[in-house]
Amino acid sequence: MELMSRDVGDLRVVTVADARIDAAVAIQFKDQMRALIDTGPDRVVLDLSSVAFVDSSGLGAIVAAMKQAGEPQRLELAGLTRNVAKVFALTRMDRVFTIHADVATLEGLADAG
Amino acid sequence: MQAEPLRFMGHARDRHRPGPFAGNGGLHLLFPATDMAVRRALSTAVSAAEAMGVGPDASGLVELVLAEVMNNVVEHAFADRGHGIIELEAWRTGQALSVRIRDDGVPMPDGEAPPARHHDLTVVYEDLPEGGFGWGIIRDLTRDLRYRRDGARNELTFSIDLDISIDAG
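Chains A and B, in that order, give the protein sequences.
Residue 52 in this note's numbering is what sits at position 52 of the first sequence, and the numbering runs on without skipping anything.
Residue 1038 in this note's numbering is what sits at position 38 of the second sequence, and the numbering runs on without skipping anything.
Any given hint could be a false lead.
Which bits of chain B does chain A cover? Going by a derived footprint, with three or more residues having C-beta under 8 Å, they are [stated by the list, open to error]:
1. 1035 to 1041
2. 1062 to 1073
3. 1133 to 1140
Worth flagging that the hints you see were computed from the coordinates, not collected in a lab.
Even glycine gets a Cβ: it sits at the ideal position worked out from N, Cα and C.
Starting from the given sequences, assemble the full structure and let the hints guide the process.
Right, dumping it as structure tokens:
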């Protein structure tokens, strides 16, 4: 499981390099996210554009990461691929998260602002 | 000669080979009940589904359903002894994929496949669920789901409609 993190203005962008967040890596993902959120700014965005597959274990780990971010900090999502968006829709988690189409627009705004 | 069964346990085959029940062009896999073996089986199952003419959206949903079922087997059926074998068969029946998954683990609670759990998502986010999504996903994307205990084995059968739209619901 490989997560890459970069800070753009007051935004931390965490990119998942792996193609899958599934039962095999859910715990690793959760631990790495915890570290990146604990040291992060108030706004952290998880870029999922390289992730083709998330199962319910992976979804649970993403929810756990969001809960790790306590007020005023928050975790948002960006770049959901079709299959991943379907998992969020099926579980209605798409109503719980703030989801952006892509991370590039957000970075542009953070840079300018 | 103990070598043969031991080798089988350690390196269960996970390549696509039509089995007696899978029939014409179907999928039949036997593999150890571990997260990594499930991953490999899913990759094989997706390739096999595509070879059966299943489109990319539907094969994504097939992968999700199979992942949820088999993750449950890994997590629950063999929790007592920590190892076991999963058997996966899938074959195409018109516009549906028929699936049979068997394992020799402990029975499902109350002898039934669990219902979908309905979560209250209006709670403050500290109370949001981090699990329990699996059976909701399985029941949403399958039909004719049946569980039975066959001697010392669990058998789950179901169908997945292949004209299902990924954009709906």
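Broken hints, numbered, in rising order?
none
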